[in-house]
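Read off the chains here:
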Amino acid sequence: GNSVTQMEGPVTLSEEAFLTINCTYTATGYPSLFWYVQYPGEGLQLLLKATKADDKGSNKGFEATYRKETTSFHLEKGSVQVSDSAVYFCALRTQGGSEKLVFGKGTKLTVNP
Amino acid sequence: EPEVTQTPSHQVTQMGQEVILRCVPISNHLYFYWYRQILGQKVEFLVSFYNNEISEKSEIFDDQFSVERPDGSNFTLKIRSTKLEDSAMYFCASALGGVGDTQYFGPGTRLTVL
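Chains S and C are the protein sequences, given in the same order. For the first sequence, the tail end lands on 287 under the numbering used here, and the numbers increase by one without skipping. For the second sequence, the tail end lands on 340 under the numbering used here, and the numbers increase by one without skipping.
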């Protein structure tokens, strides 16, 4: 079946450190891939997405590249800020007309000043 | 900026009781969803709803669950007879379009079944 695996957290970094959160997927065909972020007390917000192989999604300094050969969509940011502290969710949506998102477990990021 | 809201933020109930979780989607959106996250596990899709009908549901969404859009603004999830394993965070989402459109999520309702 379709699934998403992302690195276990929590992840703790110092401000201005480099961030990578790994995400790999299993799906038939060519799914669309997403990163959602949940700040404390808020809902999941779409951070970025990619809909086909080799696409790069980017937003707020975060980037992720859709790698079909490695079935991955790793999230990166060159220099994190305290305000990036949140839970990050990798997700996919399969082809074929389904609207449902398939999520990973989420990775909690804490950035210390 | 418009947002999805959910009430209550935390609901505690006894096993076997009925609960209704409420959501107010973004006002011009047409597609509505419920997801849940059991503590420590993945966010799981429950159901999608469009044009006053369920368009897709997961195997989790059995006869104990129902959804309704009672008044054109609210979107509710009812659990008829709660079980301990229904304890989870429940997220509502809405989208303007269907497949391919961004889903906007609410902050969630934490349901605790005792």
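What the hints contain is simulated information worked out from the structure, not anything from laboratory work. Wrong hints could be hidden among the right ones.
Stated by the list, open to error - On the chain S side, residues computed to face chain C include the following (Cβ under 10 Å): (1) Q212; (2) T225; (3) A227.
What the hints assert, rightly or not - Simulated pairs of lysine-lysine, DSS-like, Cα-Cα distance not exceeding 30 Å: (4) S:K282 x C:K283; (5) C:K309 x S:K223; (6) C:K268 x S:K226; (7) C:K309 x S:K242; (8) S:K230 x S:K242; (9) S:K230 x S:K279; (10) C:K283 x S:K279; (11) S:K223 x S:K234; (12) C:K283 x C:K304; (13) S:K223 x C:K283; (14) C:K304 x S:K230; (15) S:K223 x S:K279.
Positions of the beta carbon are idealized from the N, C-alpha and C atoms, including for glycine.
Open item on the list: Taking the earlier hints as the rules, which of them does this structure contradict?
Closed with: Numbers 3, 5, 7 and 14, in rising order.
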